[in-house]
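Asker: Fit the two chains together into the complex; they arrive one by one in their own frames, and the hints show the way.
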Amino acid sequence: MSKLRFGDFTCDGVTDVLAVENGRWAISESARKPWRELNHHLHDPVANLFIANMDQDDNIDDILRYEVKDDEEQLGRLVIWWRSKNGVEPWERFAVTLSSHNPNNPFQTSLLFGFVGHFRPLSGGTLTVDYDRIGHFQILGARPELSLFPY
Amino acid sequence: MDSSTDEAILLDNNENVEIKNNITKTDTYSKYYSQCDFDGDGIDDLFLATGTTWWFSSSGKFHWTFLNTSSKQLKDLRFGYFDDDDRCDVITESDSGRWMISSGGTAPWKPLEQVWLPGAWKPLKDVWFGRFDPNDLSRSRRTTHAFFRKDNGEWWVKKLSDPAFDWEYVGGARLFR
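Protein chains in written order, with the working numbering: chain C, 1 to 151; chain E, 152 to 328.
Only chain E is shown next, with the shape it has when bound in the complex (with noise of 0.2 Å):
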């Protein structure tokens, strides 16, 4: 490496070096979410989804850190604190269908839960994870309902925390468009 210039890895020559486009074709700068915090330190970081790997920036002020190998994008990822910590969780859905979690987004894939009976789970494009029970003024930021709403325009919600707890109706189609 030569001190005078400001390159950290300077490529001597070409052989053995096969240099390839994006192969994801892709360009996903821009495309953060900022609204979750994956560190546990209490404030909000950047996550970005490559296409092949998912990082985040502490407080969107710092460098990208790894978080994961994963080919899903921030379009097909939610948010929230789902599990006992305060990092930031990551969810998708299953090829069946299913919600699956990466806790702090490190981990791997797992369903979010076991026992859930069959068409318990709602395509994520039409759900909001949310704290939703109006008893609960608790004010913590753990993620404790999801929230549904069908085409027909009605509102469902479900506790997350609780198998047994099945979705709820909670608005009609002609009072809430």
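Just chain C, same shape as in the assembly (with noise of 0.2 Å):
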């Protein structure tokens, strides 16, 4: 099952399943057609993919990872969530967010890690949780959030 995800790549409401098919992301649609490429280009194992729709102007899933890195001014580590639209475009950068970690304070955490899900009634976003626990979300068209309370 971990070489398989499910979501709705057709915009038809019935969930269809993703793998990495003869070299690329393919779908069978509805779990009963077979395979067929759903992007030319992208072929990241499934298993660490996020996937939920990011869009208010579509029904269509997105494929969605991040990736946690030193930021080049020394002020902590960033975690960048990359975005393909529908799952069928390049990635493109969706959302960043930047934590510094201060090993002097005791609340803070070593961890650095983000969900995705539906976190506004129209649109879905990501959640990247920092190392104070502060959740930040991030929503296409929408001001960034933070958590109330730290986690």
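To be clear, the hints were calculated from the coordinates, so they are not data collected in a lab. The structure displayed is predicted, hence computed values, not measured ones. Beta carbons are placed, not taken as given, at the ideal position from N, Cα and C, and that holds for glycine. One should not assume that every hint holds.
To be clear about the criterion: a stretch of chain E counts as covered by chain C if any three or more of its residues have a C-beta under 8 Å from a C-beta of chain C, and this derived list gives those stretches [what the hints assert, rightly or not]:
| no. | stretch |
| --- | --- |
| 1 | 179-187 |
| 2 | 287-297 |
| 3 | 300-313 |
Answerer: Laid out in structure tokens, this is it:
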């Protein structure tokens, strides 16, 4: 099952199966049709991908991933979210969160992690949790928001 | 309580107080599920299973709210909208492998379906819940089907609402590796 993921990539409200097939992302519509290529270029293993619709103007799921890297200005670490819109487009930068780790702060954690979800009535978004345990919500067309409490 | 300090509760002395370690021997920080709506407001919430209790944070922004007492942890659980309301339900499997539902994450466990035949239950680790009826274009949020991948690569789908509807083979091992 780790080589399969699930989402609606055809805008019909029916769940499709996503996998890497013949070296590219491919879907089986409603789990009943043969594989067909979804993306001409991308082939990231699906186990670490996030699937949710980020757009208000369509009903097609997007594919996302995030990476954690050092900030070039040494201000902390960046969590960078990448999105393939509808699973068919190349990776594009979707959201970035900067977090600074202070080893002398016992309340901080050593973890940065992320989630996706339907965090607005009409669209989805990403949630990045920083070293201070605060959630950063990033949603297209909306101002970034923070959780009102540390997790 | 001393109003000049930040603490909500101050321990005045240690008499008759027993301080124990984390009894579940686990750290569930960051182990959340983020794609289900427990308060029915149309916005996904964060779900947390500590090993002894379940909690949710409305839209991920608000404080943890108690749902239930259960030792089931995130790895043991699946989520979806299995009954007739807009609140997320929680699924697990019993020791006998039967699928059990906690409606809204707050109700006691009960069998997801009372009348399924023996053998209808598949290991949850090989199951995904979704909407797999190609003729149902209603875009409802309701979870209607279970998808099962056998060890040999075969795919099977079962309609949840109809006890007479057995697992339907939808894909072969050669076609769907």
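Asker: Look at each hint and say if it fits the structure.
Answerer: How the hints compare with the structure:
For the stretch 179-187 of chain E, the assignment as covered by chain C holds, since 5 residues bring a beta-carbon within under 8 Å of that chain's beta-carbons and 3 suffice. Against chain C, the stretch 287-297 of chain E contributes 6 residues with a C-beta closer than 8 Å to a partner C-beta. That satisfies the three-residue criterion, and the hint holds. Here the stretch 300-313 of chain E counts 3 residues with a CB under 8 Å from a CB of chain C, which clears the bar of 3, and the coverage holds.
When the structure is compared with the earlier hints, no violation turns up for any of them.
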